[in-house]
Every structure is written in C-alpha cells, then in structure tokens.
Amino acid sequence: MRSQRAARAGLAGALLLLALTVSPVVTLAQDQPAAEPPAAAAPAGDKATAAPAGDKAGGKTGYGEGFQAVGANEKETVPGGTLLVVAYALAWLAIFGYLALIWRRQAQVQLDLDDLSRRVDAHKKR
Amino acid sequence: MPELKRSLSAPPAPLGTGFVALASLAALAVMAHLYLIFVVAPQEATMGIVQKVFYIHVPSAVVMNVTVGVCALASILFLITSNRRFDAWAVSAGELAVLFAGLVLVTGPIWGRKAWGVWWEWRDVRLTSTAVLFLILIAYLFLRAFGGSGAAKFSAAFAIFAVLDLPLIYFAVKRWGGTHPQVITGRGGGIAPMMKPALYMGFLSFLLVWGVLYWARLRLERNRQRVDELYLQAEEAGVEV
Numbered sequence: 001m002r003s004q005r006a007a008r009a010g011l012a013g014a015l016l017l018l019a020l021t022v023s024p025v026v027t028l029a030q031d032q033p034a035a036e037p038p039a040a041a042a043p044a045g046d047k048a049t050a051a052p053a054g055d056k057a058g059g060k061t062g063y064g065e066g067f068q069a070v071g072a073n074e075k076e077t078v079p080g081g082t083l084l085v086v087a088y089a090l091a092w093l094a095i096f097g098y099l100a101l102i103w104r105r106q107a108q109v110q111l112d113l114d115d116l117s118r119r120v121d122a123h124k125k126r
Numbered sequence: 127m128p129e130l131k132r133s134l135s136a137p138p139a140p141l142g143t144g145f146v147a148l149a150s151l152a153a154l155a156v157m158a159h160l161y162l163i164f165v166v167a168p169q170e171a172t173m174g175i176v177q178k179v180f181y182i183h184v185p186s187a188v189v190m191n192v193t194v195g196v197c198a199l200a201s202i203l204f205l206i207t208s209n210r211r212f213d214a215w216a217v218s219a220g221e222l223a224v225l226f227a228g229l230v231l232v233t234g235p236i237w238g239r240k241a242w243g244v245w246w247e248w249r250d251v252r253l254t255s256t257a258v259l260f261l262i263l264i265a266y267l268f269l270r271a272f273g274g275s276g277a278a279k280f281s282a283a284f285a286i287f288a289v290l291d292l293p294l295i296y297f298a299v300k301r302w303g304g305t306h307p308q309v310i311t312g313r314g315g316g317i318a319p320m321m322k323p324a325l326y327m328g329f330l331s332f333l334l335v336w337g338v339l340y341w342a343r344l345r346l347e348r349n350r351q352r353v354d355e356l357y358l359q360a361e362e363a364g365v366e367v
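Chain order of the listed sequences is A and B.
Position one of the first sequence corresponds to residue 1 (the working numbering), numbered consecutively onward.
Position one of the second sequence corresponds to residue 127 (the working numbering), numbered consecutively onward.
None of these hints come from the bench; they were simulated from the model.
Don't be surprised by glycine CBs; every beta carbon is placed ideally from N, CA and C.
A few of these clues could be false.
[Claimed, not checked] Pairs of lysine to aspartate or glutamate residues, derived as EDC-like cross-links and limited to a Cα-Cα distance of at most 20 Å, are as follows:
| no. | chain 1 | residue 1 | chain 2 | residue 2 |
| --- | --- | --- | --- | --- |
| 1 | A | 125 | B | 362 |
| 2 | A | 125 | B | 291 |
| 3 | A | 124 | B | 247 |
| 4 | B | 279 | B | 355 |
| 5 | A | 124 | B | 362 |
| 6 | A | 125 | A | 115 |
| 7 | A | 124 | B | 291 |
| 8 | A | 125 | A | 114 |
| 9 | A | 125 | B | 361 |
[What the hints assert, rightly or not] Simulated restraints, written as ranges between beta carbons of each label pair:
| no. | chain 1 | residue 1 | chain 2 | residue 2 | range |
| --- | --- | --- | --- | --- | --- |
| 10 | B | 293 | A | 97 | 25 to 35 Å |
| 11 | A | 86 | B | 366 | 22 to 32 Å |
| 12 | B | 276 | A | 86 | 35 to 45 Å |
| 13 | B | 333 | A | 123 | 15 to 25 Å |
| 14 | A | 68 | B | 272 | 43 to 53 Å |
| 15 | B | 326 | A | 115 | 45 to 55 Å |
| 16 | A | 118 | B | 161 | 42 to 52 Å |
| 17 | A | 118 | B | 188 | 43 to 53 Å |
| 18 | B | 264 | A | 125 | 40 to 50 Å |
| 19 | A | 107 | B | 150 | 43 to 53 Å |
| 20 | A | 105 | B | 151 | 21 to 31 Å |
| 21 | B | 165 | A | 112 | 17 to 27 Å |
| 22 | A | 94 | B | 195 | 18 to 28 Å |
| 23 | A | 114 | B | 301 | 23 to 33 Å |
In isolation and in its complexed conformation, chain A is listed as follows (with noise of 0.2 Å):
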C-alpha cells in the first residue's frame, strides 16, 4: 500500500519535471525561425545586445523604456533558446534536488532514532 503510493507520487513527480523540461523545448521549436543562415546565430547574439551595451558604456539604465510584446510580423533576430532551456532546467533541477535532499536527510533522522531505539533496549536487557 505505501509502495503504490509512493510509486504514484514518483511518477506524478516524474511527470511534472517532464512538462516542465519540455515545455520551453517546444515552445522554443515553434519559435525558432524556419530558416536561418548558420553565421548568424552567434553573431546575432552580440548583434541583439549592442543597444544596451552601448546604453551601459553611456552610463545609462538598460531597458529603462520597457519590455515590448514583439509585432506580428516580426522575427526573433537573437535566438536564446538553449541559454533559457538551461535557464528553466536548472531552476527546476535545483527545486526538485534540494527537495529529494530533504527526504534524505529525513531518512537519516529516523534511522538515527531507530539506531538510539535500538541503544535503548540494548541497555534495559543489561
């Protein structure tokens, strides 16, 4: 019985890491330009952040005006995608992780009650 549950809790939890993993993969596929000439990639990335790098040089605030939601007709000229896939991977690694390092060291504790439990009986039979 508590094998079963804790094998649904493992997939449900197998199943939300799964849909958070995918979930910027694929919207990254759908936003990926069709065609893009292989030079441009990383260039495009220098290209995309000579305005605010030139805002910093200046002394100004970067990105002061604001974020715009980008036209319709509009393409993404700076592809970041894998830098946010790793961006969500790691968040999400790091939440999950620290939250399976709780269970362990809850682990821990109780075989250290098991351990002075067993201390305890050890000493009444003397």
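Chain A is already provided as a structure; the job is to place chain B on it using the hints.
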C-alpha cells in the same frame, strides 16, 4: 526510561494533509505559470525568447527577499526568547534563502549573457549586492554547521546582518542606476499587458513552491531537534550513545 521509550516509538512528525494540499496547489500553479509563460506571454521585441527567463528570475528574487526576511525575523525571536522552535524556523529559511539567491544568481547571468553581452557586470550594484547577500547566507549556513555550541545565537545575529542587504539590493537601481532594467520598479516603462499574467502567476507559483519546501524543511529540522533531545535524555538515563 519508559517515557524515553514511548518518545522513541512515536513516529516523526508527519507532513499531513495540509502539506499534500499545498503541494497540489503549487503543482497546479506551476503548470498555469508555464502555460502563461510559453503560450500566452508574447516574446519581447528586443531580447527575444531569452527574456522569458524574466518570469522565473524576478519571482525567485521576490521569494529570496521573503525568505531572508523570515530568517531574520525568526532569528530575532530566537535571540529574544531562546525558543528552539524559532531557531528551526530561522535555519530552514536560511537554507531556502541560499537556494533562491542561487537561482537569482544563476538565471540572471544566463539572461544577461544575451541581453547585456556579458555573464557578469561588477559595476551593477544590484547584481553585486545580491552576490554579497548570497555569500553572507552561505557564511550563515557554515556557521550553523561548524560553529559548535553557541553557533545558533551567533548565526542568528548574522541573519539579522544579512537582512540589511535587502534595501541595498532594492534601491540599488534607483540610486545608482546600472544595467538592471527597471520595468517593474516604477521608473521604467512597465511591461506589455500580455506579459503581466505570467509575471503575477510567477509570484504566486514561486511562493507556493517556497511554502512546500519550507514546510518540508521545517519538519525535518523539528524532527532533528527531537532526536537531539532524545539523545540527551538517553545519555542522562545512562544509555551508551
């Protein structure tokens, strides 16, 4: 001795149905958050898809602030009352503050690499003061782990010191400028209306995830304290521990 035996046979504090309800709510909120980020929120015109890091970066920062505040408040209460319950609150929050400060410091530079062209900008006061806060929190945990007896009180004072960094982080952009955007701090141009639901749901989902983690971590700390007390009782009763 019978009392000790009874305490030992009692199971550790359970997580309970409240935890399950909170975890379910958090899972739903996370799903809704992801939907709003990747389906509803449009791409940003200048930065493109990488701007979507914003929807986890900013909520992480907000949760980091909340957690550091909880840690400092619990530390103050512990220093006043010497009640170990408050110490458990503080150390649990301290660990979570490290986690969320780490998330802020990881997601920020990933976004910045595309947006600013650099991974790190030392002249940006908000970035640097967040890194300082992270180091203070790490020092807090090291103190807890290796400080020996009396470390709890000393590290509580350290947590109060850490919270003083929060106003510096918040007002850094307003006071000294730098490269950090000011889209949600009043001075900037704000964000497109279609982006707002994803951001607000981000605050909610990250707070709920924080709640789940904090609940689990607090339960662990309370159980640890209980085991420590039982060991002391056993030692006093002459049990070889």
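The hints, checked one at a time:
1. A/125 <-> B/362: holds (18 Å)
2. A/125 <-> B/291: violated (56 Å)
3. A/124 <-> B/247: Violated: residue 124 of chain A and residue 247 of chain B sit about 64 Å apart, past 20 Å.
4. B/279 <-> B/355: holds (18 Å)
5. A/124 <-> B/362: holds (14 Å)
6. A/125 <-> A/115: The hint holds at about 16 Å.
7. A/124 <-> B/291: violated (54 Å)
8. A/125 <-> A/114: holds (17 Å)
9. A/125 <-> B/361: The hint holds at about 16 Å.
10. B/293 <-> A/97: 25 to 35 Å: Cβ of residue 293 of chain B to Cβ of residue 97 of chain A: about 31 Å, so the range 25 to 35 Å holds.
11. A/86 <-> B/366: 22 to 32 Å: violated (52 Å)
12. B/276 <-> A/86: 35 to 45 Å: About 42 Å separates the Cβ atoms of residue 276 of chain B and residue 86 of chain A, which means 35 to 45 Å holds.
13. B/333 <-> A/123: 15 to 25 Å: violated (47 Å)
14. A/68 <-> B/272: 43 to 53 Å: Cβ of residue 68 of chain A to Cβ of residue 272 of chain B: about 50 Å, so the range 43 to 53 Å holds.
15. B/326 <-> A/115: 45 to 55 Å: holds (48 Å)
16. A/118 <-> B/161: 42 to 52 Å: With Cβ atoms ~51 Å apart, the hint holds.
17. A/118 <-> B/188: 43 to 53 Å: With Cβ atoms ~46 Å apart, the hint holds.
18. B/264 <-> A/125: 40 to 50 Å: Since residue 264 of chain B and residue 125 of chain A have Cβ atoms about 46 Å apart, the given range 40 to 50 Å holds.
19. A/107 <-> B/150: 43 to 53 Å: Taking Cβ atoms as reference, residue 107 of chain A and residue 150 of chain B lie about 23 Å apart, which means the hint is violated.
20. A/105 <-> B/151: 21 to 31 Å: holds (24 Å)
21. B/165 <-> A/112: 17 to 27 Å: violated (47 Å)
22. A/94 <-> B/195: 18 to 28 Å: Given a distance of about 21 Å, which is inside 18 to 28 Å, the answer is holds.
23. A/114 <-> B/301: 23 to 33 Å: Roughly 55 Å apart at Cβ, these two residues miss the hinted range, so it is violated.
Hints 2, 3, 7, 11, 13, 19, 21, 23, counting from the list given before, are not met by this structure.
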